[in-house]
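Asker: Chain by chain, the residues run as shown.
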Amino acid sequence: MTADAGQTRLGEAGAGRPAPKIKPPLLSPALRRRLSAIGWGLISLSLFAGLWEALWFFGMLNPLLLPPPHLFLSDIPGTLKFFDRSNRIGSVASGVGVWPLLFTMGSTTLRVLVGLTLGFTCGVAVGAAIHYVKLLRNLLLPTILLLAPISPVAWLPVAIFVFGIGDVPAIFLVFITVFFAIVLSTGAQIESVPKNYIHVARIMGASQRQTFWKVILPAILPSLFMTLRLNLFAAWMVVLIAETVGVGTGLGQITSMARSTFNAKLVFFTMAIIGLLGFLSDFALRQVQNKMLWWIAPNQGAAR
Amino acid sequence: MSRPAVSIQSVSKRWTPEGRAPVLALDNLSFDVAPGEFIVLLGPSGCGKSTLLYMIAGLEEVSGGTIACDGEPVTEPSAERGLIFQEASLFPWLTIADNVAFGLAVQHVQPVKRREIAVETLKRVGLGDMLDKKPDELSGGMRQRAACARALAMRPKVLMMDEPFAALDVQTRARMQDFLLQIWRDSGASILLVTHSIDEAISLADRVVVFTSRPGRVKTIVPIDLPRPRESRDPRYHAYRDLFTELLADEVDRAFAEQEAV
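Just so you know, the protein sequences line up as chains A and B, in that order. Position 103 (the first sequence) corresponds to 103 in the numbering used here; numbering is contiguous. One rule links them: number in the numbering used here = place in the second sequence (from 1) + 304.
None of these hints come from the bench; they were simulated from the model. None of these values were measured; they are calculated from a predicted model. By construction, the Cβ of each residue, glycine as well, lies at the ideal position given by its N, Cα and C atoms. Check each hint, because a few of them may be wrong.
What the hints assert, rightly or not - Computed cross-link-like contacts, SDA-like style, restricted to lysine to any residue with a CA-CA straight-line distance of at most 20 angstroms: (1) B/Lys438 to A/Gln289; (2) A/Lys195 to B/Glu365; (3) B/Lys438 to A/Tyr197.
Stated by the list, open to error - A short, non-exhaustive set of chain B residues, derived as facing chain A with CB atoms under 8 angstroms: (4) Ala361; (5) Leu363; (6) Ser367; (7) Gly368; (8) Pro381; (9) Ala383; (10) Leu387; (11) Ser393; (12) Phe406; (13) Val410; (14) Gln411; (15) Asp436; (16) Lys438; (17) Met458.
Work out the full structure, taking the sequences as your base and the hints as a guide.
Answerer: This is the structure in structure tokens:
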């Protein structure tokens, strides 16, 4: 019973042997994975910043045009002044603090958020209506297919003509960015809901409405969220462009001002903020996704 | 004899593929299913036996003839006629208990009552400790049992199954057959099960309806006069197996010849 301890002969099936004891690891696997992701993130960032700094150090970069991180992050109070909306041309800068910065970040984020929410809900509603009502499909689909490939940026003049200067054109541009994608995706996804799901609903006596809310919507939601996430970065790009032109506040407006005043430090500082916000909003959307779509394992498709 | 649970009278089904001549899938089928009877529909693949189930369920319309359940002609789907597919088709966004309670929720049964029925039904199928699991945490056999529970929660008079065990491995399949017989006994429902496995037909059925290849007709109906549990070592079991093998061989040959002619 020593050499062949792992074998079972006829007549002695299922001889219970205790499982070998496995030592529990110091950190849970999930925590380890997270830590390693953060670690690699830091390494990647430092490599990028290090290269930049090195180029500056050896005099290969003009700090006026491409100031390395330690320069554009050094004078934060001075940089923050530019975010204060009470400053006017000619007035002495005042109101130094983080609040103006947070306000600027907040107003841009809010525009993205409102635009995404409206675009998503309207997109699903119109997509479903087009799928179910043949008349609507015939009337709307050709126009939608024609409008969908137009870059949201091309809508900017239209948005300003119609909505004037203010929050609305920026929100409208974000809306356009996700709306068409969601409309088209909704139709395609409803088409691909497994037939047996619908059969089960019909056998159980579900009405059309119940079938939509209880079966079709949850079945298509994961792919719609995927579409939303793919368009999130585009939404961030578009909102900045809208702010440059049509709105008096926001990160886009600051970038535009920095460009026209040739303030490279402010350009890069704002870029860093924009990058951070984009990353955070993707992270937040992923959390929402994990909460709302709890039945999908976190590492399944939806993960990065 | 009491009124049949399902009565199929000269039913036929014709498909019209787009831009081509109509195809006759089922031709003039007639047979009755007694209340509480276990019927197996056996035939070569593509003979339309699944289509017949979909028509009894009310998901497909008949092209000719009538189907009546309990004397009422079938016009639309009803939870009294449960249908179970080859894949369990549980909703991945609901827990097992909520999946089982789905039909009750659709019919506006109170949440507490719903849960009670779901728990009780899941206990009957041996999944009493899987209530709050996600469907993809269950094995194939367990998922199929949960799908049975979903149908049983509606207290169906007829339970239809479209090759329910075809996707399961051999060991699981054998146990699922025992499980099904037990469910059948304590629910009192009539069962119509589609399969192309001869052994499955012999181990389960009261009567086996043998189909011809396309267009599907009733070739013959064979009552299985063996006491349950049925032993595959029993010589009479072997006799049945030989009989069905012979009946089906003709049909498979014919289907092959037809395909080669095309």
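Asker: For each hint, tell me whether it holds in the structure or not.
Answerer: Tested hints:
1. Between B/Lys438 and A/Gln289, the direct Cα distance comes to roughly 17 angstroms. Compliance with the 20 angstroms bound is thereby established for this hinted pair.
2. Restraint check for A/Lys195 and B/Glu365: satisfied, since their Cα atoms lie roughly 16 angstroms apart, inside the 20 angstroms limit.
3. For the given pair, B/Lys438 sits about 16 angstroms from A/Tyr197 by alpha-carbon distance, which is consistent with the 20 angstroms threshold.
4. A distance limit of 8 angstroms between C-beta atoms decides the matter here; for B/Ala361 the minimum to chain A is near 6 angstroms, and the interface restraint holds.
5. Nearest Cβ of chain A to the Cβ of B/Leu363: about 6 angstroms, under the 8 angstroms cut. The hint holds.
6. Hint status for B/Ser367 relative to chain A: violated, with the closest Cβ pair at about 20 angstroms, above 8 angstroms.
7. Contact between B/Gly368 and chain A, as hinted, is not supported at the beta carbon level, the nearest pair being about 23 angstroms apart and thus beyond 8 angstroms.
8. This hint holds: B/Pro381 has a C-beta 5 angstroms from the nearest C-beta of chain A, less than the 8 angstroms allowed.
9. For B/Ala383, the suggested interface contact is upheld, since its CB lies about 5 angstroms from the closest CB of chain A, less than 8 angstroms.
10. For B/Leu387, the interface hint holds, since its Cβ comes within 8 angstroms of a Cβ in chain A; the closest pair sits about 6 angstroms apart.
11. Of the supplied interface hints, the one on B/Ser393 holds, with its beta-carbon coming within about 4 angstroms of a beta-carbon of chain A, less than 8 angstroms.
12. Interface restraint check for B/Phe406: the shortest CB-CB distance to chain A comes to about 6 angstroms, inside 8 angstroms, so the restraint holds.
13. Proximity of B/Val410 to chain A holds as hinted, the smallest CB-CB distance being about 5 angstroms (cut-off 8 angstroms).
14. For B/Gln411, the interface hint holds, the least distance from its beta-carbon to any beta-carbon of chain A being 6 angstroms, beneath 8 angstroms.
15. The closest approach between the C-beta of B/Asp436 and any C-beta of chain A is roughly 12 angstroms, which is over the 8 angstroms cut-off, so the hint fails.
16. Given the 8 angstroms rule on beta carbons, the hint for B/Lys438 holds: about 5 angstroms separates it from the nearest Cβ of chain A.
17. Annotation: B/Met458 was flagged as interfacial toward chain A, and the flag holds, the nearest CB pair being 7 angstroms apart, inside 8 angstroms.
When each numbered hint is compared with the structure, violations occur for hints 6, 7, 15.
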